[in-house]
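Please model the entire structure based on the sequences and the hints provided.
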Amino acid sequence: MDLDKLLKEPDKIEKKQLENHAFVMDFPQMEKRLLHGNYRLSNEIFFKNNSLYISKHHRFAPYPLHSHQFLELNYMYSGKCREVVNGQEIKLQQHDILLLDTGSKHKIDPLNENDILINFLFKGSDLSLDFLNNINQQYSPSFSFVVNAIIGNNYDNHKNFLLLRKSDSSLPFILERIMNEYFFPKLFSNQIIKNYIPIIFFEMARAVNAQVENEIIPNNEIIVPILKNIEQNYATITLDKIAKEMNYSRNYVSNLIKNKTGKTFSNILNDQRMQHAYDLVTNTDLPIGVIIERIGMSNRTQFYNKFEQYYHKKPSKFRN
Numbered sequence: 185m186d187l188d189k190l191l192k193e194p195d196k197i198e199k200k201q202l203e204n205h206a207f208v209m210d211f212p213q214m215e216k217r218l219l220h221g222n223y224r225l226s227n228e229i230f231f232k233n234n235s236l237y238i239s240k241h242h243r244f245a246p247y248p249l250h251s252h253q254f255l256e257l258n259y260m261y262s263g264k265c266r267e268v269v270n271g272q273e274i275k276l277q278q279h280d281i282l283l284l285d286t287g288s289k290h291k292i293d294p295l296n297e298n299d300i301l302i303n304f305l306f307k308g309s310d311l312s313l314d315f316l317n318n319i320n321q322q323y324s325p326s327f328s329f330v331v332n333a334i335i336g337n338n339y340d341n342h343k344n345f346l347l348l349r350k351s352d353s354s355l356p357f358i359l360e361r362i363m364n365e366y367f368f369p370k371l372f373s374n375q376i377i378k379n380y381i382p383i384i385f386f387e388m389a390r391a392v393n394a395q396v397e398n399e400i401i402p403n404n405e406i407i408v409p410i411l412k413n414i415e416q417n418y419a420t421i422t423l424d425k426i427a428k429e430m431n432y433s434r435n436y437v438s439n440l441i442k443n444k445t446g447k448t449f450s451n452i453l454n455d456q457r458m459q460h461a462y463d464l465v466t467n468t469d470l471p472i473g474v475i476i477e478r479i480g481m482s483n484r485t486q487f488y489n490k491f492e493q494y495y496h497k498k499p500s501k502f503r504n
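Residue 352 in the working numbering sits at position 168 of the sequence shown, with consecutive numbering throughout.
Each hint should be verified, as a subset may be incorrect.
To be verified - Computed Cβ-Cβ distance ranges for the label pairs, DEER-style:
# : residue 1 : residue 2 : range
1 : K192      : T422      : 54 to 60 Å
2 : G446      : L202      : 48 to 54 Å
3 : K307      : S354      : 20 to 26 Å
4 : I381      : K189      : 25 to 31 Å
5 : Q375      : Q493      : 37 to 43 Å
6 : K442      : L470      : 29 to 35 Å
7 : K189      : T286      : 29 to 35 Å
8 : K442      : L202      : 56 to 62 Å
9 : V474      : N504      : 14 to 20 Å
To be verified - DSSO-like, lysine-lysine: derived pairs with alpha carbons at most 30 Å apart:
#  : residue 1 : residue 2
10 : K370      : K240
11 : K447      : K490
12 : K498      : K412
13 : K378      : K307
14 : K447      : K370
15 : K378      : K291
16 : K490      : K428
17 : K192      : K428
18 : K275      : K370
19 : K307      : K350
20 : K428      : K412
21 : K442      : K428
22 : K498      : K350
Note that these hints are calculated values from the structure, not bench results.
No residue lacks a Cβ here, since even glycine has one placed at the ideal position from N, Cα and C.
As structure tokens, this is what we get:
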């Protein structure tokens, strides 16, 4: 049986839901919690031996409002569906991805025959929307700003979910490769799945970066091109150059960066230089003097002090 046939074949619960058009509890141990309005899916139900649980969402009946103790990824394999997440309506189309953070609440409308929604559940408190932010902001100073504009940057306005529309990313291919290994296990399937998990999140961070920039830039948010300029030209950029390119005064650009990001121009520039220095120190055999020149610094002592301030070790310690 191939993956497509497996997913479209009705299972026992779906047959019951199709017959009655009513929700059938897929986890009997949760029945009482549902009745008392405290339907929270917990880790122990899914993660007995593995850190990833994959299942097809049962079609033909609405799924009630619930929350969970883990990160959940909804992948629209085919068709479409409507969810309500933290009170906000979300409509998914084929290959869309909805990432739900720990504690988010959602319910799902009935799915029809060709609507196949796949649930990826990830164990581990280190996997969250903040994890995506932390991955990308190290490499892209624009990312921290734009992602916070979408998902919020504090408890009060955090929406607890992230929607990725169908794009040119490799995520659908990766997710379906994992599904094949999961539902049709072979030799080394567990190891392959385990090693794909971080790839999912790095690909997602890449896709998020592209998507949120596309959502913010059309709104004429001038801080984004300024941050992208620092990101791409960290070795040679100065505040005066940015001000001249943007046709603003130096003080205006400086205050804009501080007000929009909470960091100074120097903070962001040093973050970029040190991140790239770290990559060059750990992934190349380039002499330290060459690395210092490549990242745009000239004072060797200042470089060593700054590197040790960021990473708590001298560059030579990482290489050793």
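So, going through the hints one by one against the coordinates:
Between K192 and T422, the C-beta spacing of about 59 Å keeps the proposed range 54 to 60 Å intact. A hinted range of 48 to 54 Å holds for the C-beta pair G446 and L202, which are about 52 Å apart. Here the CB-CB span from K307 to S354 is close to 24 Å, well matched to the stated 20 to 26 Å. A beta carbon spacing of about 26 Å between I381 and K189 agrees with the range 25 to 31 Å that was offered as a hint.
Here the CB-CB span from Q375 to Q493 is close to 38 Å, well matched to the stated 37 to 43 Å. Hint check: K442 to L470, Cβ distance near 33 Å, so the stated range 29 to 35 Å holds. Roughly 34 Å separates the CB atoms of K189 and T286, a value that falls within the hinted 29 to 35 Å. K442 and L202 have their C-beta atoms about 58 Å apart, which keeps the hinted 56 to 62 Å range intact.
Remark: the range hint 14 to 20 Å for V474 to N504 is upheld by a beta-carbon distance near 19 Å. About 20 Å separates the Cα atoms of K370 and K240, which keeps this hinted pair within 30 Å; it holds. Taken as a hint, the K447 and K490 pair is honoured in the structure, with Cα atoms around 17 Å apart against an allowance of 30 Å. A hinted pair counts as satisfied when its Cα atoms are at most 30 Å apart, and K498 with K412 qualifies at roughly 29 Å.
For the hint pairing K378 with K307, the CA-to-CA distance comes to about 12 Å; that is within 30 Å, so the pair holds. With a C-alpha separation of about 50 Å, the suggested pair K447 and K370 falls outside the 30 Å cut-off, and the hint is violated. Of the supplied pair hints, the one linking K378 and K291 holds, its CA atoms being roughly 29 Å apart against a limit of 30 Å. The hinted pair formed by K490 and K428 meets the criterion: a straight-line CA distance of about 28 Å does not exceed 30 Å.
A distance of roughly 59 Å separates the Cα atoms of K192 and K428; the hinted pair therefore is violated under the 30 Å criterion. A hinted pair counts as satisfied when its Cα atoms are at most 30 Å apart, and K275 with K370 does not qualify at roughly 35 Å. For the proposed pair K307 and K350, the alpha carbon gap of about 25 Å is at most 30 Å, so the pair holds. Our distance criterion of 30 Å between C-alpha atoms is met by K428 and K412, whose separation comes to about 16 Å.
Between the alpha carbons of K442 and K428 the distance comes to roughly 18 Å, so the proposed pair stays at or under 30 Å and holds. Taking the CA atoms of K498 and K350, the gap is near 43 Å; set against the 30 Å cutoff, the hint is violated.
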